[in-house]
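When the letters of the sequence shown are read in order and numbered with the numbering used here, they come out as residues 67 to 163.
If you're looking for bench data, these hints aren't it; they were derived computationally from the structure.
Everything numeric in this text was worked out from a predicted model, so none of it was measured.
Check the hints yourself; a few may be wrong.
Unchecked claim - Pair ranges (Cβ atoms, derived):
(1) 96 <-> 129: 15 to 25 Å
(2) 88 <-> 125: 31 to 41 Å
(3) 130 <-> 106: 36 to 46 Å
(4) 130 <-> 70: 17 to 27 Å
(5) 105 <-> 129: 16 to 26 Å
(6) 104 <-> 132: 36 to 46 Å
The beta carbon of each residue, even a glycine, is placed where N, CA and C say it ideally should be.
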Amino acid sequence: MPSPRFLTLDDVAEILNVSWSQAYALVRRRELIAIQIGGRGQWRVEVDELERFIQQKYAEARAGVIPADEPAPEPAADPPSEVPAAVPAPARGRRRS
67 MPSPRFLTLD
77 DVAEILNVSW
87 SQAYALVRRR
97 ELIAIQIGGR
107 GQWRVEVDEL
117 ERFIQQKYAE
127 ARAGVIPADE
137 PAPEPAADPP
147 SEVPAAVPAP
157 ARGRRRS
């Protein structure tokens with residue numbers, strides 16, 4: 067029997083060892099390309115697309131690319147030589163009617 071061309075999100079989640087919700091989030095953010103099939107709109111991911119996604123993640127890891135949903139680490143900065151003066155709040159006056 068030939069291997070299937072399409073995978074369900076359950077299959078994708080199992081292969082990537084993530085939850086179904088995480089697999090669905092990848093599809094929603096269009097990091098992983100999927101199509102909807104049938105009247106109930108079941109998501110299907112082509113095996114080749116999943117492989118492309120995995121290879122892209124490896125390439126990003128090798129290049130040291132930080133994913134967009136994770137904050138970049140703050141660079142170490144020298145402390146300021148003097149503390150800036152506080153900015154005064156705007157004056158509040160009576161409201162005219």
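* **Numbers of the earlier hints that this structure fails to satisfy, in rising order** => The structure breaks hints 2, 4, 5; every other hint is satisfied.
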